[in-house]
Amino acid sequence: MHAPPTPPTPPRAPWPIALADIPGRGKGVVATREIRPGECVLEERATMTGVSESHRATTCAGCLRRAARCVRTRACERCGEVLLCDDCHRAAELAFGADDARLAMAPNAHTRVKCRGEAVGASAALSTGDRERFRFLVACAELRAMKTMRAETQAREDDRGFDDVASLCPREDDDGGGRWPIASHVDAATRLHPLLFATMHDADIERGVLKVNGASLSSDDFERMYVGTIRENAMLLAKESKNAFGVMAAAAADERDENDFGAARSVRGGALYRDASRVNHGCFPNVARFDNFDGDFQDPSKAFSSPSSLSALCEPSTLRLLAIDVIPAGAEVLMRTFSPGVSLRPGSLAFNPRPRRLSTPKSDAFQLHPDVASYGTTLSYLPVNEPVGARRARLRRGFGFACDCARCALEVRWALEDGERTGDEEPTETYDDATTAADASEAAEEARDEATAAALTEEEQTRRADRAPVEYALWFMKNMCAEEDCGGTLAPPNPTATHCACNYCGRVRTDDAFFAQLAGGG
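Just so you know, the sequence shown maps onto residues 1 to 522 in UniProt numbering.
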């Protein structure tokens, strides 16, 4: 039985978008009016952030700012497992000094619960993947505890944190029922459950329970109200895997630390956003995501506008979605995110257009979206230049859907002609558990893609580049950063800007430079 379509639901702030039913795609975000290029479609603070295991020695665990951009950083004196900037260290001290357990917990702060979780995780010798999953589940348990403890007191805005995470897709009844959570999430939740239970007990949550409820809880009640069951936590892991935004490490070569390997993308952390997560994927997105973790919104060279009252605070976790092109009223909003480990060698891209001499009018209404009516308002979940096999496999494995858009259909045909993978193949390797299988299979596929790309001749690279339709080539020339090994998305930082900024490396390209490239073919 299918529920009838529901009317569009606007997000919390009066943004020019609304949540609506998209035929054949489920829920999505649509424009409530025409949106200009450079206009902010959505600005939102993160519900939850978490540092990547490989970057916890070089990134603040509280705000995800890189240590190189902080005035000072120091390791947590209690767990010794994470790095904190001065501001986050002060917030942690306030949380640890609170007598009331309800005041000792706060979203995105290194609190007593998170600190204890770091110590427990370190002592358990977890794998890198499980350490990050455990870090996420500890943060969820704290949000659940905040909601429970304040149930009998005055509600606060941050009490909605757990509900915001729990409301994310997928739901257990998605795709016919029983599909979620998948085996890898259940396996991980089962392994981590004893550690999660121990963390919540060791963090002195029981003291807070006694103060709020006046009586001790049974083990079952404690699990239900604070820790969560294995299945509940498996669902949370599924929600995190489908909705978390990767916060990328430094793109500029002179700012990379020892954890940034050459051209490979590296994720320093992750963030969850309630409203931004509703935006669907598009292989040709019409909005680009910009982060403020390193204070980019205050960079005068990029000329970002201040679209809301949130901007006055410019918190590090603030995200903005900026329109790349004109988005007609009623069109769906589509976006892309970044993904680690993607090869950006020449020839590895499905579309790697060479400069062409084109006669294109210079106009404020210049629109290069290949098919705005069919793509609507969207964000790409992956680098827009990722090969079709890797792109479709990631979407199927990580987000639970097969993309059959016009671009994918064309590239799948090319992949079959070239004898390369289409993203529909099943993994050939076998592993001891589902979690390891998912991680290792993706790494093996990426290694094969890189080897194939490296073996292409110059003539083959040219042949593949030249077969791209001219409107596709134009889209990439206009909207994809030309910086070597970048692959970021360009968007105007405000509606009146005469330049675009890259949402990955920060490069600025003027409109005049773009039109000169079109006219000169270089």
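The set of hints was computed from the structure by calculation and includes no laboratory data.
Where hints are given, some of them may not hold.
[Stated by the list, open to error] Label pairs and their calculated CB-CB ranges: (1) Gly330 to Ala303: 39 to 47 Å; (2) Cys169 to Asp220: 38 to 46 Å; (3) Arg36 to Val470: 41 to 49 Å; (4) Glu425 to Pro194: 33 to 41 Å.
[To be verified] In silico EDC-like pairs for lysine to aspartate or glutamate, Cα to Cα no more than 20 Å straight-line: (5) Lys147 to Asp220; (6) Lys302 to Glu483; (7) Lys242 to Asp418; (8) Lys147 to Glu223; (9) Lys302 to Asp511; (10) Lys242 to Asp299; (11) Lys242 to Glu483; (12) Lys242 to Glu172; (13) Lys242 to Asp296; (14) Lys27 to Glu223; (15) Lys147 to Asp21; (16) Lys147 to Asp221; (17) Lys242 to Asp511; (18) Lys27 to Asp130.
We put the CB at the ideal spot given by N, CA and C, even for glycine.
Between Lys242 and Asp299, is the straight-line Cα distance small enough, at 20 Å or below?
violated (31 Å)
Does Asp418 sit within 20 Å of Lys242, going by the straight-line distance between their CA atoms?
The hint is violated at about 31 Å.
Can the restraint linking Lys27 and Asp130 be considered satisfied, given a maximum Cα separation of 20 Å?
Judged against 20 Å, a Cα distance of about 30 Å means the pair is violated.
Between Lys302 and Glu483, does the CA-CA distance stay at or below 20 Å?
Holds. Lys302 to Glu483 sits at ~16 Å (cutoff 20 Å).
Would you say the C-beta atoms of Cys169 and Asp220 sit inside 38 to 46 Å of each other?
For Cys169 and Asp220 the Cβ distance comes to about 29 Å; the hint is violated.
Pair hint outcome, Lys27 versus Glu223 [Cα-Cα no greater than 20 Å]:
violated (32 Å)
Is the hinted pair Lys147 and Asp221 satisfied, with a Cα-Cα distance of at most 20 Å?
holds (15 Å)
Do the Cβ positions of Arg36 and Val470 conform to the proposed distance bound of 41 to 49 Å?
violated (25 Å)
Checking one constraint from the list: CA of Lys242 to CA of Glu172, max 20 Å. Satisfied?
holds (14 Å)
Range hint 39 to 47 Å: satisfied by the CB atoms of Gly330 and Ala303?
With a Cβ separation near 30 Å, Gly330 and Ala303 fall outside 39 to 47 Å, so the hint is violated.
Regarding the pair Lys147 and Asp21, is the alpha-carbon distance no greater than 20 Å?
violated (30 Å)
Holds or violated: are the alpha carbons of Lys147 and Glu223 at most 20 Å from each other?
holds (14 Å)
Checked against the numbered hints listed earlier, the structure breaks hints 1, 2, 3, 7, 10, 11, 13, 14, 15, 17 and 18; every other hint is satisfied.
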